[in-house]
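Chains as they are written, first to last, in our numbering: chain A, 1 to 254; chain B, 1 to 254; chain C, 1 to 254; chain D, 1 to 254; chain E, 1 to 254; chain F, 1 to 254.
FYI, nobody ran anything at the bench for these hints, they're computed from the structure. Since the structure is predicted, the reported quantities are computational estimates derived from the model, not experimental observations. Each hint should be verified, as a subset may be incorrect.
Covered, in the sense of this in silico footprint (three residues per stretch, anywhere, with C-beta under 8 Å from a C-beta of chain E), are these stretches of chain F [as the list claims (entries may be wrong)]: (1) 145-157; (2) 187-197.
Below, in silico cross-link-like pairs of lysine to aspartate or glutamate (DMTMM-like), each with a Cα-Cα straight-line distance of 25 Å or less [stated by the list, open to error]: (3) K197/B - E249/B; (4) K5/C - E230/B; (5) K233/E - D223/E; (6) K245/F - D61/E; (7) K233/D - E55/D; (8) K58/E - E156/D; (9) K58/C - D191/B; (10) K59/D - D164/D; (11) K194/F - D140/F; (12) K186/D - D11/E; (13) K245/C - E199/D; (14) K58/F - E16/F; (15) K19/C - E55/C; (16) K245/D - E199/D; (17) K233/F - D140/F; (18) K19/F - D140/F; (19) K194/B - E55/C; (20) K194/A - D11/F; (21) K233/A - D191/A; (22) K245/D - E199/C; (23) K5/E - D61/E; (24) K186/A - E212/A; (25) K233/C - D11/B; (26) K6/E - E23/D; (27) K5/F - D191/A; (28) K19/C - D11/B; (29) K197/A - D140/A; (30) K186/A - E55/F; (31) K194/E - E230/E; (32) K245/E - D140/F.
C-beta atoms are modelled at their ideal positions from N, C-alpha and C, and glycine is treated no differently.
Protein chains: 6
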Amino acid sequence: MGSGKKIMMADIPWPEYQKRVAEEVVLLPVGTTEQHGYHMPLGVDAYQVEFLAQEVAKKIDAIVAPTVWYGYKSQPHSGGGQLFPTTGLNAQTLILLVRDILTEFIRHGARKIVILDGHYENAMMLTEAVDLALRASGRDDVRIIKSSFVNMIDQELTETLWPDGFPGWDLEHAGLLETSLMLYIKPGVVDMNKALKVEANLPRYEVFPQYEGLVPASGALADPTRATAEYGKMLVENIVMNYVKSIEEAFQLG
Amino acid sequence: MGSGKKIMMADIPWPEYQKRVAEEVVLLPVGTTEQHGYHMPLGVDAYQVEFLAQEVAKKIDAIVAPTVWYGYKSQPHSGGGQLFPTTGLNAQTLILLVRDILTEFIRHGARKIVILDGHYENAMMLTEAVDLALRASGRDDVRIIKSSFVNMIDQELTETLWPDGFPGWDLEHAGLLETSLMLYIKPGVVDMNKALKVEANLPRYEVFPQYEGLVPASGALADPTRATAEYGKMLVENIVMNYVKSIEEAFQLG
Amino acid sequence: MGSGKKIMMADIPWPEYQKRVAEEVVLLPVGTTEQHGYHMPLGVDAYQVEFLAQEVAKKIDAIVAPTVWYGYKSQPHSGGGQLFPTTGLNAQTLILLVRDILTEFIRHGARKIVILDGHYENAMMLTEAVDLALRASGRDDVRIIKSSFVNMIDQELTETLWPDGFPGWDLEHAGLLETSLMLYIKPGVVDMNKALKVEANLPRYEVFPQYEGLVPASGALADPTRATAEYGKMLVENIVMNYVKSIEEAFQLG
Amino acid sequence: MGSGKKIMMADIPWPEYQKRVAEEVVLLPVGTTEQHGYHMPLGVDAYQVEFLAQEVAKKIDAIVAPTVWYGYKSQPHSGGGQLFPTTGLNAQTLILLVRDILTEFIRHGARKIVILDGHYENAMMLTEAVDLALRASGRDDVRIIKSSFVNMIDQELTETLWPDGFPGWDLEHAGLLETSLMLYIKPGVVDMNKALKVEANLPRYEVFPQYEGLVPASGALADPTRATAEYGKMLVENIVMNYVKSIEEAFQLG
Amino acid sequence: MGSGKKIMMADIPWPEYQKRVAEEVVLLPVGTTEQHGYHMPLGVDAYQVEFLAQEVAKKIDAIVAPTVWYGYKSQPHSGGGQLFPTTGLNAQTLILLVRDILTEFIRHGARKIVILDGHYENAMMLTEAVDLALRASGRDDVRIIKSSFVNMIDQELTETLWPDGFPGWDLEHAGLLETSLMLYIKPGVVDMNKALKVEANLPRYEVFPQYEGLVPASGALADPTRATAEYGKMLVENIVMNYVKSIEEAFQLG
Amino acid sequence: MGSGKKIMMADIPWPEYQKRVAEEVVLLPVGTTEQHGYHMPLGVDAYQVEFLAQEVAKKIDAIVAPTVWYGYKSQPHSGGGQLFPTTGLNAQTLILLVRDILTEFIRHGARKIVILDGHYENAMMLTEAVDLALRASGRDDVRIIKSSFVNMIDQELTETLWPDGFPGWDLEHAGLLETSLMLYIKPGVVDMNKALKVEANLPRYEVFPQYEGLVPASGALADPTRATAEYGKMLVENIVMNYVKSIEEAFQLG
């Protein structure tokens, strides 16, 4: 990446953006505004993907688009559910939002777009958004990567951090992963004194309407108490390395 | 279950239906019409959930609603993707379809509804459909269970059937699980001579547009060659048992 | 039609489907789940069109797509109305559903599609669905026939079966036509002991909201008591013959 | 009806409207802008229902709402089809438009609403619009009549005007009925020199896309040459009489 | 303009319309049905733009399309708000309505379309409608002008009519401008005895839900008492002149 | 405002948020990602309202919700139009997005919500969003203020800053106002060397499709060259003061 280049789309004037967007990778962070236990604030999902996108953009020629701060409705099995004061969009709303954003980037000239998803429940809505945007574009020279950042973590690291067995990314809500990341990225919003050792015990099916008592009272689904900033650093480095590798592979860069 | 009672909603005249729907469980099978390798036909997902719903209905007081035969767009990581001649609905279409169906069942008096999902990609759309139907109903005496039938398989059975390690349900598309089930449920549509030993090797991210060569040419993502009707029977029995248990638990029957 | 060929789309593996769909006629049965008097079950409309499609497919090269089991809201003048426990979709839902299905068949290569409609109230929604699918396809080599199966009955037969004057197809709900068809197609779900001689006496306008007492209490709008399986057979043969003739004419086959 | 009262909603100031709307009948004419042969202009459907509504309003306490001038897409079997320069809305558009209009009238206090439909293809979309408006209103004191004006013609008159047999209202597009009405209502826009004796010969199914030659080149589907203003007067009087009778019956007036 | 040519689309048979629409300008008046104080009726906005369109069509080769009589929800700052018995459509409804109308005109061959907007609140919805219609058309030979008729008034005339300072067009609701126009166009629906000297005093922000007392009780936002038919004539002449000039400029006519 | 309280919703854990949201004002900044001339970056509208919301929140008890970074399509008369690489959402998308966000805040307990709009073209979409959210809530204890921040500037200050006459807020795109604000708020993204003295000369109507040359090549519509950070400070102080005053007035605080 060139030194001194601005990486945030919001900070670039349009003539420079217009030139760069046709050549560089556009990174679109998508999070949500969702409870993350007693010990972390509502912005965790968005902060994480915005930070990761910035780190990736420091290593390749890329522009980081403004983060989507509102995502799909939280579910008990992956985010605690909508009984908490979480802000969840309707499916169609999120689909149209991301479809329109992608449609515009493509119109601007973007041909290499990466969605970094930080909220488990967004995944299929983003798939639909990408599909609709690509169909509407009528183009065959656009390639879009959609990714959940947790899939960028190598299994080796997973085994290191969860030596007693890994619970699955859906259940890692506000647990070791996210807490470690936030301790590294934005420690001022984490209060480890409020981090409780919890364990979610969820049925093999989903029940609607959601009800009190299904998930731990804190809203976290996994144990955050072992989290450290050091783990967060390891995770960030691993994720960023794999994003860079994946992007180079998928877009056949370099 | 009462002997001789009809279990298919389609076979019941309305006066009987009206009485029963207020008391019994309504089972809604949701599948899709999707490629399942060289050795199985397009109807696998729907056939499976329709059969399972019927088996469950033989054990509890329940009505099996007409199957939803068209589901969400197939994805490479779980169903081979839309390059195959698979029939995929737009997200909003599937959401509205299931929302409307549920809304009507609730209007008829149904208070205990179970969705049996046989197509991995449907999951979040069904979540949205349930949420919209419940909100619109304005009722608090309706309970809806949404389930993927694969989650009704006990881990012990999984370990028995996949002694060398289980690949995950998403990758089990047209593999041992589904092939065994179909050999048991409807063997006439399975041609084991065309079952190929395949292994999908998919990246940790998703790429759009989908492209040729990403998944095995047959469209299956996992090895179906070890499948047997006996395994299918074991799976059906395990799934049905767990459905019955789950339904009793969730609706506090009996 | 070739002997031994599978006719149900659900029973065909994708490689065979992909070859055949480009050459053969695709038949899409669309019914609904609607009350049909005291003497017939909820599935009548769908059973009829599915059966008729299968009979047609035995005579020409054709594939029968999975039946659409949920249709538009029942109306008093043609189906008894929504006060009965009938399952009616919103207009937009049915339109999008059939639009998406047609869009996918066209993408698979289908160029000759026939919609067999068994539910009077579906008609205009299917028109819209076809129009939207064709516009979106951007193709001019696709031809779609939309038909109500009752229009395939010759006037001669109508005069034979209703010697005292024919009430019109809308009012024939659960009357002589449908009861005869079901006695032939699936007699086990018809209970002629519960067939009542009724006559609907409807105003020349429609009133909303629908109210009790507007239609006969059984939900049938016409007299089913003269129905016989023999009439059903005559009707099926006449309808199938005219479908085959119409299809050959419209697609200029043979 | 009070003498001197304004009958057009557009001509009434809001304080008077607010008082009257809660007591009187609101008449909503819905037409379209559609070809009507060589001899009549595009506005026929709307002109007719607007005129009829005004005549009805002279006989009962009623307000005539602004006419809906754009309706659903013309079909070959009833209006010649969309190959003519007819202005047809999408189904969802017409549904939302009439739903919103009804919702507002109900909010204003209207409890007795009559839709006068002058375009055959609008019918089911209006049904959906009424259903959606009533559900959303959450009220049970609103009654809405939906009517096609042709159904207000007595059979006796039909037999008088079509002594050789009546073709059905769908086929009467730009034929004797509509031409006679326009000769009475607005003769300046009818040119009988261009009225051709035509006969439509349509298949028993519908074909999409619509194609040239399916309907008579003029766009009329039935013979207009016998039309006279006298017939038009007889039709208007009969229709208005039956509307008044129907409204009194349905709303239990007087 | 040729003498004797019909200018209202509703009055033209399709063969003439089809020829003219490809050459002439199509004028689409868009109003609403909205309170206009004690002294004017609900139809003011639509009457004005319909009249203006007709006057413009007398001076250039143009066709006046049927008026859109229902517009977007009235707002306190520009139309008194929705507490009055005003008929306001949802945004999406108005957008789809005008999008579909424009789409059809373009399909008919129209290449020069002018929207004359008479209701302040419609403006952005019309912008969206035009954008959607043009994108969907895929054409680059269509040009659409969207205009608020008040912007066609020269500043000199404004200064003449409001010598003490002009309040802004949004606040001119049912004030001097509209009252003068109606006194000239359709004096029979104006009652100057009920015209009150009012002054709206609105905050610099908008508050929802709207509440009683925010705007003058009559619903007018500005003083109509100085209005005269003579002013109305001056306004009409100025507006029509500027429309003609603008249309010639924008379409490079003559 | 309490010292030390976090003001950004993203930084607050849910238990604290849940308590505060029911008592405090929720401020929702809505901007867009839009060109702002050669001398300013794409994020101007969002940066401004986010900053202003934070300043307001320092003076009253308030929570600043995550900024909406994507707004409605830019128009030539107010933002240069969509020929620039500006990211504009469809109207329905923005409406649904803000409707859903408001619906969630209300569900969380928010009763006092203020929308701070920084993008002229968003205004009517936000109005619709608020209207839909309030109707759907069914509550009468929620009050929402919608405001364009430019309307919070006192006329006295306007006269001071534009001594030669004020062009109107729509035309102030990337001119003195926005440039001064950004020089104060985030000077690092302003390059005054690229600020050109421009003057937009736009017709009194809007033309679609938008075309090159209609607005100044830089995309700014007004002269930014006189901008200073000092002016920015004066503007911020004036706007914040008036926001505080307006909020206290509208919610009858203190």
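Checklist entry - Taken at face value, is the distance from the CA of D11/E to the CA of K186/D at most 25 Å? => result holds, 10 Å
Checklist entry - Are the Cα positions of K245/F and D61/E separated by 25 Å at most? => result violated, 55 Å
Checklist entry - Given the proposed pairing of K6/E with E23/D, does the C-alpha separation stay at or below 25 Å? => result violated, 40 Å
Item to check | chain E covers the segment 187-197 of chain F, three or more CB atoms within 8 Å, holds or violated | outcome: violated (count 0)
Item to check | Pair hint outcome, K186/A versus E212/A [Cα-Cα no greater than 25 Å] | outcome: Judged against 25 Å, a Cα distance of about 31 Å means the pair is violated.
Checklist entry - Between K245/C and E199/D, is the straight-line Cα distance small enough, at 25 Å or below? => result holds, 23 Å
Item to check | 25 Å limit on alpha-carbon distance, applied to hinted pair K19/C and E55/C | outcome: holds, 22 Å
Checklist entry - Do the alpha carbons of K233/F and D140/F lie within 25 Å of each other, as the hint requires? => result Violated: K233/F and D140/F sit about 38 Å apart, past 25 Å.
Checklist entry - Are the Cα positions of K194/E and E230/E separated by 25 Å at most? => result Distance ~19 Å between K194/E and E230/E Cα, so the pair holds.
Checklist entry - If you draw a straight line from the CA of K245/E to the CA of D140/F, is it 25 Å or shorter? => result Not satisfied, since the Cα-Cα distance of roughly 50 Å exceeds 25 Å.
Checklist entry - K233/A and D191/A: Cα distance at most 25 Å? => result Satisfied, since the Cα-Cα distance of roughly 18 Å is no more than 25 Å.
Checklist entry - Taking 25 Å as the top limit, are the C-alpha atoms of K19/C and D11/B close enough? => result violated, 35 Å
Checked against the numbered hints above, the structure violates hints 2, 3, 4, 6, 8, 10, 11, 16, 17, 19, 24, 26, 28, 29 and 32; every other hint is satisfied.
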